[in-house]
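Chain L: place on chain U using the hints.
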Amino acid sequence: MELSEKLVTGKGRFTDDINLPGMIHLAFVRSPYARAKILKISGGLTSEDIALSVSSVGEGASEGFENLAHPVLAHKFVGYVGQPVAAVFSENQYEAEDMIDSVDIEYDPLKAVSDPEESINFEPIYPGLKSNTIVDKWYGSDFNPERSQIEIEDRFVNNRIATNPIEPRGVVAAYDGSKLTVWMGTQSVHSIRRGFSEAMKLPLESVRIVQMDTGGAFGLKGGMFPEYIVAAHLAMKEKRPVKWIETRREHLMASRPGRGVIGKVRLFADRNGKIHGLKGDVIVDNGAFTGGSGEFSPGFIAQQMAGPYKIDNAYVRARSVLTNKAPQGPYRGAGRPEAMYFVERMMDRLADELKMDPVDVRLLNAATEPYKSPLGYHVEASKPFLESAVKELNYRKYAGRENVGFSFFILYHATSGGESARILAEDGKLKVWLGGNAHGQRHDIFVKTLIREELGVDEDLIDVQKGDTDQIEDGVGAWGSRSAMVAGSAVVIAARKIKEQIQKKAGKYSVDKLLEGSWDSYEFYRYDRMESSLGANLVTADVDHLGRVKVKECLAYYDLGRVLDPVNAAGQNAGGVVQGIGQTLYESLTFDEDGQPMITSISDAGVLSADLVPKSSIKFHKSESDLPSRAKGIGESPTIGIPIALSRAIEVATGLKIRETPISPEYLLSSSGKK
Amino acid sequence: MEKKQVSIIVNGERKEAEIEPRMLLAHFLREVVGLTGTHIGCDTTNCGACTVILNGRAVKSCTVLAVQANNTKILTIEGLSRGQNKLHPVQKAFVDKQGFQCGYCTSGMILTSYWLLKNRKNVSEEEIRAAISGNLCRCTGYDSIVESIKEAQEMMKEEGDALEHEQEITVRSKR
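Chains as they are written, first to last, in this note's numbering: chain U, 1 to 675; chain L, 1001 to 1175.
Looking at chain U on its own, in the form it has when it is part of the complex (with noise of 0.2 angstroms):
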């Protein structure tokens, strides 16, 4: 039966359909407190019986700060509400829930600090630490701008966002005596393999990996978490299956949200509107522990703040900082959608400082040929681009409206690393794995396009397999707007790979010839540039008098390259689009001053209902890449683009200057920040 099928007649194996026989469910008790010392713990599994602690891998990793690692089950101290404490389990679900209570904890609760800024000067969130700062980096050159420039400066906001797949967290390992092999949902066999090996000291080949349908995961499901390791930890000692599926309100107190980001700018430029200088500081809120993406993220965040443009003075400062709240980690762009949201909220207040059009000074500043941005990055000539997208998106029809908000960015893909594909033609059938595994974005329809195209199989024939380390040797992940373009490769060469192993065994390649023997062919591409592509948005949005935002007009101007699949490929786009309508407009997880978290359901994080977006629309910019897949990504470009431009609307619409997302309607009635 085809996925599709499958999957709307409820015949889908996501990991909570496992059910193996003497299967044992596993329940959390959680900190109540966002800061606290552990003074006593009766019953449950506790630190004591898993002295370990979480693994850093897949997109974003830590690469140090081993004493700042996420202990499995809490040592001593709580660093954020929801941080796994201690463990219990039963026969079912119900019954483990039950025993949450037979645990008792004292807790002695400190002053927690959960805004990054306040945190800077705030006493260190544990012993022994000087700082909470945990990263502190400078990134181009310092320099001096001329007397007869212009300066502006502003700060904004990107508050954390929970990543919110339908489908939550969720674990079931088995070990045989031998092997341990835990089935889930992931973007990554391999890094789940190598997070256990490495958190467990079990050797790589001693795990595996087995991909289920997995429900979304937006970043979330890359990377490791301290209840996996219990979960394993636990099958290992009880020689039975054992099954762990997050809530929904463990899933927004103690999983890792992404965003959390403050950017401060500063724009020098002349009265005609070219820019000459950029200085920045970025801080990302890390949350209370290293492992997720707070290391990594304030250093991507800075090197991409040229955005498209050509800037030839630029310094920036970027620091992660220890709050009491769950780790950061990526969600949808992972630091794009921030950097760009920093430079291109600029650009606006640069037009209107100049009494500009806001796209007049993006024409004027866009790179006219490539070069490498002082911050770090490759910035492509973007120029030529604005300009079809000025056209395309028949920007200059809108010009001047007083609803109107238009972005322009760059899409760093994660393409370094590159990807991995094997291939199998077996009993007259393919079966093709891939490095990165699918959770959503059908890649199984772009596969099967260019396995046709190579060996001219028909695509009833091509079965794409969900990702496991027993069937495809090495692997990335699937993040980044990255799949198309190199797991998109992987499979083109490991298609030429195949047709030359029939060449050489049997003469002239036919499709008959493979369907009727047996071949494999296993691929890694090795790709180590990070590849970019460009994409511009037009939103339309009112605002009534209560302060309520309508979207009007969603559009896109995207260079997708060679597009693989179109249908889907707009798909990826309207999705895109509802999420960065709701990082604008509704959705964050928000805190008192005590570090509770105030948002305890999925509709209070904001996910939006379809009655609130409108129907989103994208043009495809063709320009191919160099890969052999000759795509280029499209995941993240509308979590990048919509929030800019969607800001902008609203801020023509009211007159107040949008600094933060979400914009909250208090914020919309209020007319202290007006222009």
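These aren't lab readings, by the way, just hints derived from the structure by calculation. Certain hints may be false.
Computed Cβ-Cβ distance ranges for the label pairs, DEER-style [what the hints assert, rightly or not]:
1. U:R526 - L:K1003: 53 to 63 angstroms
2. L:E1013 - U:H75: 44 to 54 angstroms
3. L:K1157 - U:D544: 29 to 39 angstroms
A quick note: this is a predicted structure, and the numbers were derived from the prediction, not measured. Here a beta-carbon is modelled for each residue, glycine too, at the ideal position from N, C-alpha and C.
Below, chain L alone, put in the same frame as chain U:
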């Protein structure tokens, strides 16, 4: 905990079991009956992944106790297909128009759409969006779901007698 006897007709088959009174309908369907197509997403009646049809009404089975569903008729996603390998028009439309990406919200989304199209004729896009506003999808942005429902509406119109057939499906014993 004292157990209670329940008798629930699920997709045309009577299911009887002794269960704890605190057991949720979603867990009864998934764990007692073994139909895992009903998914749990949020535990708080917000996301609608667990939507099933209870006596003709779309309900969220994560906040209905199984004992409350005693002596009712339930239709789950597994019961919507018409016999072997024959998709219901709503299911077929979701395949044709790619009305899902990850597929986790899909069962609930399809059953809410089924309920809508069974009870209302000629629904507009705006009405479709309002009707599925209790079902959250994090992947699609809803455009392809709305297109799927429009397509299903056309398919069901062409079939004409679809509504009567659906009435029958909830009581027919499936073998």
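Hint-by-hint comparison with the structure:
1. U:R526 - L:K1003: 53 to 63 angstroms: holds (60 angstroms)
2. L:E1013 - U:H75: 44 to 54 angstroms: holds (51 angstroms)
3. L:K1157 - U:D544: 29 to 39 angstroms: holds (36 angstroms)
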